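K.L.:
If you want the building blocks of each chain, they are given just below.
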Amino acid sequence: MTLKTLLGAAVSTLALTTGAWAQTEIQWWHAHSGRLGELVDEIASGFNASQGDYVVTPSHKGNYSETLNAGIAAFRAGEQPQLLQVFEVGTATMMAAGGAIKPVYELMEASGIDWDPDAYIGAVKGYYTTADGRMLSMPFNSSTPVLWVNRDALAAAGLDPDMDLSTWEQVETALDALKAAGHACPLTTAWQSWIHLENLSAYHNVPFATQENGFAGLDTELTLNGPVQVKHIQAMGDWARDGKFIYNGRRNEGGASFRAGECAMFTESSAGYAGIKSEAAFDFGVRPLPYWAEVAGAPQNTIIGGASLWVMAGHDDAEYAGTAAFLNYLSSPEVQAKWHQDTGYLPITKAAGELTREQGFYDANPGTDIAVIQMTANEPTANSKGLRLGSFDQIRGIIDEELEAVWAGDKDAQAALDSAVERGNQLLRRFEQANQ
Amino acid sequence: MEKRVTFKGWTLPLCLLLPQVAITAVFFFYPAGQAVYQSLFIPDPFGLKSQFVGLGNFNYLLNDPYYRASFATTAVFSGLVTVVSMGIALYLAILADRLIKGAGTYRTLLIWPYAVAPAVAGVLWMFMFNTRVGVVTWYLGLLGYDWNHVLNEGEAMGLVVAASSWGRVSYNFLFFLAGLQAIPKSVIEAAAIDGARFWTRFRTIVWPLLSPTTFFLLVVNVVYAFFETFGVIHTITSGGPQQATTILVYKVFSDGFVGQDLGSSAAQSVILLVVVGLLTVIQFKFIERRVHY
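In order, the protein sequence lines correspond to chains A and B.
Be aware that the first sequence starts at 142, since it is given in my numbering, and climbs by one per residue.
Be aware that the second sequence starts at 27, since it is given in my numbering, and climbs by one per residue.
No lab work stands behind these hints, which were simulated from the structure alone.
You may find that some hints are simply not true.
Going by beta-carbon spacing under 8 Å, a handful of chain A positions derived as facing chain B [as the list claims (entries may be wrong)]:
(1) 213
(2) 215
(3) 388
(4) 398
(5) 549
(6) 575
As the structure is a prediction and not an experimental result, all values here were calculated from the model.
Positions of the beta carbon are idealized from the N, C-alpha and C atoms, including for glycine.
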């Protein structure tokens, strides 16, 4: 018996035993329900069918906050999943939890898979990458805000539906015309803090917080009460007072009004595409997020929202090998292109974007590439690569409260944003103390 | 003279007490002790490290104007929920008590809302009053009233009070009705013969005889408003606008499970424990004196 046959026998026995043993299970906790939940299941079953060693089991754990809490509680009980989906505002919390996570770059290096972090789109990857360029979590669903337009409503108000709406000055003219024509809801928004402060700041290249928006250290302080932000929020507040901007709620409540045709313009995530396309009974269009023309340096680039996948610590090598294989599958152009086209989320790799273009999706669905262009137009600066702030979910709550005070006419923009900064900074100091 | 049962020795009484003591220890003393212990630390969410800060968490909270405002919000909210739900329940119970035909049907219908879970009740009210698609909002709009509890603090408070009281009316109704039916008819008839009108009879006979029920409901409803209305607030307002409906319990949740600030959350639980303890003592010391058993 030669060495070769011996080895061959050993390998086949090994293969047989692995086959006979149960496959290694990879738990994937996520926050997608409805159609998105089905698409997540499709990705997992696609991976499971593509190989025989690992089984990825997705489970829906509630909304983003609930999923993060489930992951934290599970970690404390020693029952954590291999993969946990965490929304972008939870990034600082996860990064600070060194002992609870396994950085993605480490996982991929150890797996031996040929993996190129540069394949990912910079503006997407940057949010989840350390200052020295190491990717900590795998971007999954990312989107960026755009302006959705009800073209029929513009036409009814005597406006050209193709009119230029690149700047807020132009939007204001349209709002005036809509209001004059008696329109009940010229403009509404979803996710006000994300769109009208976080993205506004990045898009105009002004800081949202010190220390490179928190990327450079825990001792960061909010600076969202600068002149650009105050000007914008004051303008929105004036529009709210005059009935040109209608506030519907902190999350995406405004979406129902827009899709029902009640509102003429709507600032919302590019991922609103699937819902608007299936429900809107009017001619809709998508435009880049407007900027203030008078601000020098605008438009820079917008930042992402959405979530990434974190690998949790405390699992064995086989499970990590399976997790790495799955993340690699997830990043493949085919899987990403399908996810991008089905959901309106951004492609996370350049190859997925190119594949989508080759498949003719952008030609068949005009405007769906606006989000990609808007994000990748300029190389991100320290002000526009993202935000990394502790307790950010709660800080957003504070910002929501203060913005509501402006919409209700209780406070002017300067007072509200000053108060948001002061209250938010207290939480940042608490977070710094907890993570020293 | 009081009747006392005396036991010989300690074994039997201890054995009889043991199950209750064990349950209290496991489900109350242990978690409460944990809360007190944790309130002295600032831990990170994952339980990897923790820093002792002494009374730092309490200091932080009591210096926070929004936390202090939350006390007032809680007082207004629980006061309104208690008064509204007990008042309506008493009124309905008096009406139902006088019914001769169809009493059973009315009672069953009035008890129904109690079967609805707070979170579900919250969703029902949220849809009725939704600022854009709500049925009630639409009718109010026809009347020329622009309902917007998303921005208007008074409307938000009114809405959560209504939603929290709604299911509670049924519960209170049951107790009031039972209390009313326990009052001997002969007493009331005698007063009626003496010429006492309904209001006089109610004030001098029914209300005093109903006082044990009322007192019991007062205690139970205040505790309900403090702790069990979480689901309603979470689904309808999430504590907004501008923290106008952030009651103490909601803040424990939002700091602990949204903010992951477990130290502050634990300290708030301890403060809440003290507040409810004090309230109960006050109720038993001062209000119970006016109760006629």
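K.L.:
Compare the structure with each hint and give your call.
P.N.:
We went through each hint and held it up to the structure:
no., hint, result
1, 213, "holds, 5 Å"
2, 215, "violated, 10 Å"
3, 388, "holds, 6 Å"
4, 398, "holds, 5 Å"
5, 549, "holds, 4 Å"
6, 575, "holds, 5 Å"
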